[in-house]
Amino acid sequence: MTHAMQHGAAAVYSDSSATVSPILEARNLRKVFPVGGGSLFGRQQTVKALEDFSVCLRPGYTTALVGESGSGKTTAARILAGMYQATSGDILFSGVSSRNMPGGLQSRKYHQHVQLIFQDPFASLNAAHSIRYHLARPLQIYHKARTKTDLEIEILALLQRVSLTPAEQFIQKLPHELSGGQRQRVAIARALAPKPSVLLADEPVSMLDVSIRLDILNLLTRLKDEENLALLYITHDIASARYFADTILVMYAGQSIESGPSEALIKEPKHPYTQLLLSAAPDPARNSVEPLIGKGESPSLINPPAGCRFHPRCPFAKDICRTGFPKRTEIQKDHWVNCFLYTDALETASSDIPAPAAP
Amino acid sequence: MTAQNKVILDVQHIGVDYFSRSGTVHAVSDVSFSVNRGEIFGLAGESGSGKSTLAFAVARLLKFPAEITGGRALFYPKPDDARSEPIDILQLNKKELRDFRWKKLSIVFQSAMNALNPVLSVQTQIIDTLRTHHPHLHRDEYYQRAVELVKMVGIAPERLKSFPHQLSGGMRQRVVIAIALALNPELIIMDEPTTALDVVVQREILSEIQNLKNTFGFSVVFITHDLSLLTEICDHLAIMYAGKIVEQSNRQTIMRNTQHPYTHGLLHSFPSLYGEKKQILGIPGHPPDLRNLPPGCAFHPRCAFAAESCRTVYPSLQPVDASAADHLTACHLYDPRLQPNGPPKSLSRQVVNDEPQTIETDILAGGQ
Chain A
1 MTHAMQHGAA AVYSDSSATV SPILEARNLR KVFPVGGGSL FGRQQTVKAL
51 EDFSVCLRPG YTTALVGESG SGKTTAARIL AGMYQATSGD ILFSGVSSRN
101 MPGGLQSRKY HQHVQLIFQD PFASLNAAHS IRYHLARPLQ IYHKARTKTD
151 LEIEILALLQ RVSLTPAEQF IQKLPHELSG GQRQRVAIAR ALAPKPSVLL
201 ADEPVSMLDV SIRLDILNLL TRLKDEENLA LLYITHDIAS ARYFADTILV
251 MYAGQSIESG PSEALIKEPK HPYTQLLLSA APDPARNSVE PLIGKGESPS
301 LINPPAGCRF HPRCPFAKDI CRTGFPKRTE IQKDHWVNCF LYTDALETAS
351 SDIPAPAAP
Chain B
1001 MTAQNKVILD VQHIGVDYFS RSGTVHAVSD VSFSVNRGEI FGLAGESGSG
1051 KSTLAFAVAR LLKFPAEITG GRALFYPKPD DARSEPIDIL QLNKKELRDF
1101 RWKKLSIVFQ SAMNALNPVL SVQTQIIDTL RTHHPHLHRD EYYQRAVELV
1151 KMVGIAPERL KSFPHQLSGG MRQRVVIAIA LALNPELIIM DEPTTALDVV
1201 VQREILSEIQ NLKNTFGFSV VFITHDLSLL TEICDHLAIM YAGKIVEQSN
1251 RQTIMRNTQH PYTHGLLHSF PSLYGEKKQI LGIPGHPPDL RNLPPGCAFH
1301 PRCAFAAESC RTVYPSLQPV DASAADHLTA CHLYDPRLQP NGPPKSLSRQ
1351 VVNDEPQTIE TDILAGGQ
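Residue numbers (my numbering), protein chains in the order written: chain A, 1 to 359; chain B, 1001 to 1368.
Treat the hints as calculated values from the structure; they're not laboratory data. You can trust all of the hints, since none of them are fake.
As a list, the in silico SDA-like pairs of lysine to any residue whose alpha-carbon atoms are at most 25 Å apart:
no., chain 1, residue 1, chain 2, residue 2
1, A, LYS295, B, SER1111
2, B, LYS1277, A, HIS236
3, B, LYS1277, A, ALA264
4, B, LYS1063, B, SER1020
5, A, LYS48, B, LEU1167
Derived list of chain B stretches under chain A, where covered just means 3 residues or more per stretch with a C-beta under 8 Å from a C-beta of chain A:
no., segment
6, 1194-1206
7, 1226-1238
8, 1265-1277
Just so it is clear, CB atoms sit at the ideal spot from N, CA and C, and this is done for glycine as well.
Kindly generate the complete structure, drawing on both the sequences and the hints.
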């Protein structure tokens, strides 16, 4: 209990604008995956997938994690969902540290409140089972329906909520009879079944056709508003993050590099990588095609570059960038960046020191 | 230049069916378009719209259960070529096809990992292509050309010894492009060449394609579901829906003077990074089942403007008006016989009443 006392939620939120206290909070998460068998004498190689990751999810608000493949966004979501165990760092749910939760992040109680929606609705539903089965399982496991009639009513209500109407027809269908968008709606309904307070959506629309993506995102936004959910929206599409998220957190090669209110971050991106990402996004409304500054691809995370991992691509890289990671600099209220262009101070964060107030 | 010299590929009334136990699927029906020399022609559509099938038909890559049911795909050789009359790709025999493919027309496939052989080095795969078409060259000549090719797409020649799994996604796609360029083709079909790539790499590959096109003067048929990408790079584009072209014109016209409600919906399915944040609704409903197409216009169940005629009669691809002959659309809204008051002033409302999921919620309420 002592740990939770020291770093209680109240101490961290000095920010006055954060009127809604967070429901789920990640502090300084770090994740290292072992790779290969490792030879008898050699050192075990590891993938440094996530470094010093902190985020706050508040009821009724959407936070977007934006980054390319290998940026650690899915790893972060899976740690938050309790699927992976963080190498270090802590997760707080309603202000209670995971270390003080009975059963920790693997407990049924935690899973009831924090639900994950997967990227690929073609893989996340079981082809052998009907929609009824997919929705009945969580309702039974989390005791949301007592009798058979109750169960049927609840399933139909869930289908209605995700606009799969007429629900009576969808209930007995098999996944292969549905289109991609309809399947993703079933996956969303399944995530809603335990009445969660946090939804983690891992690229929920990237496998879907362009014309139905907005429908699904609009649906998630409607559900978030109706049920006051805290929504984490993971995407590689920064333009969609602008529309659907209140806050954007940009990640690169496992490091969080910039975060802020979505409009402010997109209008005035500070980190060279955020600027690169914005200039690369296809946009018919763009006036001219400017050349990319900082081309290239993400580094290998087995031997990531020291210091700021963007430095090999960064046109502004200085000596200090190659050795240390910059301290978080607050540009404006809630808008911060980790870049030596804006500070000379080094980041000293370790898993024992509480994070600065994340937006 | 005469009109004949300008065109490199003229596809006329092509149709492709897939045979299945549950019935024949008309994946492509009666599609015509032409590609000019040196231009990027975009084919846009969702999955199942027939865009890849169409491209595969033109390249004669389809196998049973797919069958080309009719039409012609005329390829016009360079004006200085000895053979000046057009070649109908669909009529070539096996030997002629072998000679034609890759020398005149090559293909870049969607998934570079699947297009490359995982157990052969990049060098072997490039030289394999060269050796097949020019069997009597010296080993060094093959190697020199391979070096030339990878340099062209921005890969260091040292990487020739690499195997596909040692390369990043972007580099693999570059290798596939290098192989497509190996024999200096006049036309390259690119089937979603950047779909699996990150945005930054995607943009690099796109500018690489544009540079190469400007240097070597080949034409590109660029297939993608991402209309925002096409509107940046294409000269002409065609939008496909349920196996048919629904709108076709040059880029500026498609963007500024959108006619078909589906095109309009697609263009308004992408949030923009610039300008005012406004409410966007996408297109309600979902793409149709090709085995069981709705009667009339296949788009009518999702269309806010659907009238009685849309449910019964398929609109043919027609010029929008006499002044814009190169702007074609297949929509009854522009048929004066059916719309005596003229087309609607704005296509902006996309809400269909019988689809309650088309949310009226203001998505911006939470965002500001």
